[in-house]
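Here is how the chains run, residue by residue.
Protein chains: 2
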Amino acid sequence: MTKKVKAKKTQRQDPACMTLGIDLGGTKILAAVVDQQGRILGTAKRRTHPEQGVDEVIARIAKTAQEAVANAHLDMTAIQAAGIGAPGVADHNTGVLEFAPNLPDWTNIPLGTRLEQMLGVPVLVENDVNAGTYGEATAGVAHDFGSVVGIFPGTGIGGGIVLDGKLWRGARNAAAEIGHMVVMIDGPQCGCGRRGCIEALASRTAIERDIAGEIRGGRSSLVTTLIDIEREPITSGVLARALEENDPVITDVVGRAAYHLGVFTASLVNALDPQCIVYGGGLIEACGDFMLPIIRTNTYRHLIRPVHPDALPILEAALGDNAVVIGSALLASACAQAEGV
Amino acid sequence: MTKKVKAKKTQRQDPACMTLGIDLGGTKILAAVVDQQGRILGTAKRRTHPEQGVDEVIARIAKTAQEAVANAHLDMTAIQAAGIGAPGVADHNTGVLEFAPNLPDWTNIPLGTRLEQMLGVPVLVENDVNAGTYGEATAGVAHDFGSVVGIFPGTGIGGGIVLDGKLWRGARNAAAEIGHMVVMIDGPQCGCGRRGCIEALASRTAIERDIAGEIRGGRSSLVTTLIDIEREPITSGVLARALEENDPVITDVVGRAAYHLGVFTASLVNALDPQCIVYGGGLIEACGDFMLPIIRTNTYRHLIRPVHPDALPILEAALGDNAVVIGSALLASACAQAEGV
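Top line first, the protein sequences correspond to chains A and B.
The working numbering runs 19 ahead of the 1-based position in the first sequence.
The working numbering runs 19 ahead of the 1-based position in the second sequence.
One thing to keep in mind: the hints can contain errors.
For chains that are exact copies, the list does not tell them apart, and a pair is met inside one copy or across any two.
Straight-line distance between alpha carbons at most 25 angstroms, and here's what the computed SDA-like set of lysine to any residue pairs gives [what the hints assert, rightly or not]: (1) Lys185 / Asp163; (2) Lys82 / Thr224; (3) Lys185 / Gln356.
Bear in mind the hints are in silico, worked out from the structure with no lab data behind them.
On a predicted model such as this, the values are computed, not experimentally measured, just so you know.
Working from the sequences, and respecting the hints, build out all of it.
The following block contains the structure:
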């Protein structure tokens, strides 16, 4: 009790206890003011328009951030620090975004320094999936757990690793590239050029390839009545509709992907022995009801040290589109506190 | 500077700065007195004789430990703590050895408490491969690196994970069971009952199976002149001799195992991004000259974030049979210091 009262007092005495979280995507920029418990007080959104160049995008990020602060009925003096989750390789020490596959021309951009100049607060630059996993592990579905592996299947498969409450970034900020762990040596070609990565077996892209293969092989599927599969992508939403109708081709292909994810999850648990697993991403948001039970069964079946499912829950992410802004904000907050800002 | 002088003084005032390290194997017990730099001051060795029962083995462990102290020309007052590496699932918090596949009847044995009563010092119980990896990461070939993954192919494939200088044990002391990470879904049967674990593709046992398959398939190999493959095991030493003679069957099979290990190592690096990898174990000790170059080439080839080999060295373990005693001793020493013993 005393502790709670004390915390409240401190909060009142020090107005700069809010943090800005920013999610820089290839399509849109989302910014939010987040309190120390991970609650969102105000947000703003803008299209990224990467084709307008790096400078213009950075200006748009700053504008979106300032708008979020205004929407929270605060001014920048209330903001202690900002965190930005970016879709690429980020060096959180230097604030440099080294490389971002979905943002052409973004190579070695000093995003942290640039935004610090514009916003007037320290800015932490982090990989977006790392930030999202940290969000789920601190203010989302896994907030009760210290050690969490996040797995996010969508167009690709991203991941994040939180150990003892801290984001594990690795020696070169290259950790948690779990989509490129090989689960089928000499298996199907991956977008990365190698073979048999889990991304080449269980991402939406892999599922799309396998459905096309089944249809070319002569099987008929509802999907061909929903979209023109020669021209349109098989979105996660289309998969979900076909699963609802128990379409046999989609059930087979998505079921096989979920089986692969289960074996893969067990491998990660055999290596890292976390307290829980969080599954999120577009594919899970749309098809989680079908996929997660298969993932769970096959994870527990492939553990070398059997464990009761309650002791190692496999949870569905809860923060949705807000995971990255909340995680970035809380990472920046933890960093500011560690540095005594 | 001041700090260093202080540390020296403390060391002189307190004679109990040595640690005992014990390696409990299915065949032999090795004990050593180790200083804080990981140097061995005295050792002793005894056969385990697990068939004589748990009590007798524990008595033999204590006797071996005391002999090592005597051989270091010390008495027990010089010993701060002891660490024991055991071939199974150990709970370092309770000192209970939960399960040890090579020591029949060893289920939930309070090994720590029992040895504490006999030796009069705190005893840390740890999994042996974890201890060996910690030894290499602190006083062995990887002592310059904070984050190290140890991979030890032999009859099975063991592993250890050290992150930021600390052993990563996981939430249930079940981490680093890397031998049972699946690299070939629906691949060859593993001793654990599942399919496609790296242990089922690249352990000595897997190599033996594949050689027998090649010979049954009609290929001839030098191995059949060295041993009676129907009755004798193909030891790592036999493999090494055949490799020296460029035997095509053995070169093919061991080369394929090394390729699999390379892809697997890259997967581990993609997930954990450590500072270095240490390879040890019976298979590497005997066949490392042939296997390690193949492992290295295929690791670097399968990384999602390319890195210069100097920035991520793949090293051969240096402590050999002493890795577990040194690692156990240094773990016990770190634990005693953290607890202010």
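Note to self: My question is about Lys185 and Asp163: at a cut-off of 25 angstroms on alpha-carbon distance, are they close within one copy, between copies, both, or neither?
What the structure shows: Classified as both: same-chain Cα gap 14 angstroms, cross-chain 23 angstroms, threshold 25 angstroms.
ask   = When no copy is named, should Lys185 and Gln356 be tagged within, between, both, or neither for a Cα gap of at most 25 angstroms?
value = both (14 angstroms within a copy, 23 angstroms between copies)
Alpha-carbon proximity between Lys82 and Thr224, which holds within one copy, between copies, both or neither at 25 angstroms = Close neither inside one copy (34 angstroms) nor across copies (62 angstroms); limit 25 angstroms.
Of the numbered hints stated above, the single one contradicted by the structure is hint 2.
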